[in-house]
Amino acid sequence: MKKALQFRAIQLDLARQMETMDFIRQYIDFCSSNGYNTLFLYLEGRIRTASFPYPADHECYTPEQMRELVDYATARGMDIVPGLACLGHAELFLKHQELHELGELRAGNSGRFENTRSHVLCPSLTSTRDFLERYITDVAAIFPSRYIHIGGDEAWDIGYCEHCAAKAATFAGEQQLYLDHLKFCHQIVTEKLHRRMMMWDDMFEYYTDIVELLPRDIVMTNW
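To convert, note that position 221 of the sequence shown is 221 in my numbering; the numbers rise steadily by one, no gaps.
By construction, these hints were calculated from the structure, which means they are not laboratory data. The model shown is predicted, which means the values in this text are computed figures rather than measured ones. Glycine included, C-beta positions come from ideal geometry on N, C-alpha and C. Please note that the accuracy of each hint is not assured.
As the list claims (entries may be wrong) - As a list, the in silico DSBU-like pairs of lysine-lysine whose alpha-carbon atoms are at most 35 angstroms apart:
id : residue 1 : residue 2
1  : 95        : 192
2  : 95        : 183
3  : 167       : 95
Stated by the list, open to error - Listed next, with one range per pair, are the computed distances between beta-carbon atoms:
id : residue 1 : residue 2 : range
4  : 141       : 75        : 19 to 27 angstroms
5  : 7         : 57        : 28 to 36 angstroms
6  : 169       : 58        : 36 to 44 angstroms
7  : 141       : 20        : 19 to 27 angstroms
8  : 19        : 74        : 17 to 25 angstroms
9  : 26        : 97        : 30 to 38 angstroms
10 : 22        : 107       : 41 to 49 angstroms
11 : 65        : 166       : 39 to 47 angstroms
12 : 26        : 212       : 38 to 46 angstroms
Using the sequences and the accompanying hints, generate a full structural model.
Right under this line is the structure:
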């Protein structure tokens, strides 16, 4: 592989299918030997931390395991970027009773496609912001990468709880609700943790009016 690109990344999705530590190490070996210098670990909520102690052993990785992978990758010239779920795809968080009240569908209401499965965090709650700030901070302490990916994709059920519905009564209000949450995440990643924020870009196919209002240092990624 030619190495003209400074950032040569490849993804491993551990949110939908967990892999053994041996497999991940072998994957790092394979990627490193084929010219990649960055491994994007798509995790959503797969890491158990002090702020998120609820997952059972068989459904999560520990900070110690992740640090071991960071050291292993670093020795092979690879950076590991953690990919989190800070709005949509948050079912690994919301399935735990302790965090159920952070979801948009916490009252048993239906979402955009009449679904009742809670998978989108409520951006209006202070408790959501408090949890995300603690969790992102915990994860940043594990991964020294310059980048943190906050997700942001497929947040279809934003604007469906009683607080968010009032804000999203108009489409402009719905876009603003999404933008405000991204700016909150950006503040944590950049001002508190001094990293650079990555996110998925798909929601901007719909929220076209707010693209120019985003911080210009966000790295947009496309799945």
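Against the structure, the hints come out as follows:
Distance restraint check for residue 95 and residue 192: the Cα-Cα separation of roughly 28 angstroms lies within the 35 angstroms cut-off, and the hinted pair is therefore satisfied. Under the criterion of a C-alpha separation no larger than 35 angstroms, the hint pairing residue 95 with residue 183 is consistent with the structure, at around 26 angstroms. Taking the CA atoms of residue 167 and residue 95, the gap is near 25 angstroms; set against the 35 angstroms cutoff, the hint holds. For the pair residue 141 and residue 75, the supplied restraint of 19 to 27 angstroms holds, since their beta-carbon distance comes to about 20 angstroms.
About 34 angstroms separates the C-beta atoms of residue 7 and residue 57, a value consistent with the hinted range of 28 to 36 angstroms. Between residue 169 and residue 58 the beta carbon distance is about 43 angstroms. The supplied range of 36 to 44 angstroms therefore holds. Restraint check, residue 141 to residue 20: a C-beta distance of roughly 24 angstroms satisfies the suggested window 19 to 27 angstroms. Between residue 19 and residue 74 the C-beta distance comes to about 19 angstroms, which sits within the given range of 17 to 25 angstroms.
Remark: the range hint 30 to 38 angstroms for residue 26 to residue 97 is upheld by a beta-carbon distance near 36 angstroms. One distance hint, 41 to 49 angstroms for the beta-carbon pair residue 22 and residue 107, holds here, with the actual separation near 43 angstroms. In this structure the supplied range 39 to 47 angstroms holds for residue 65 paired with residue 166, their Cβ-Cβ distance being about 42 angstroms. Separation of residue 26 from residue 212 is about 43 angstroms and conforms to the stated range, judged on CB atoms against 38 to 46 angstroms.
When the structure is compared with the earlier hints, no violation turns up for any of them.
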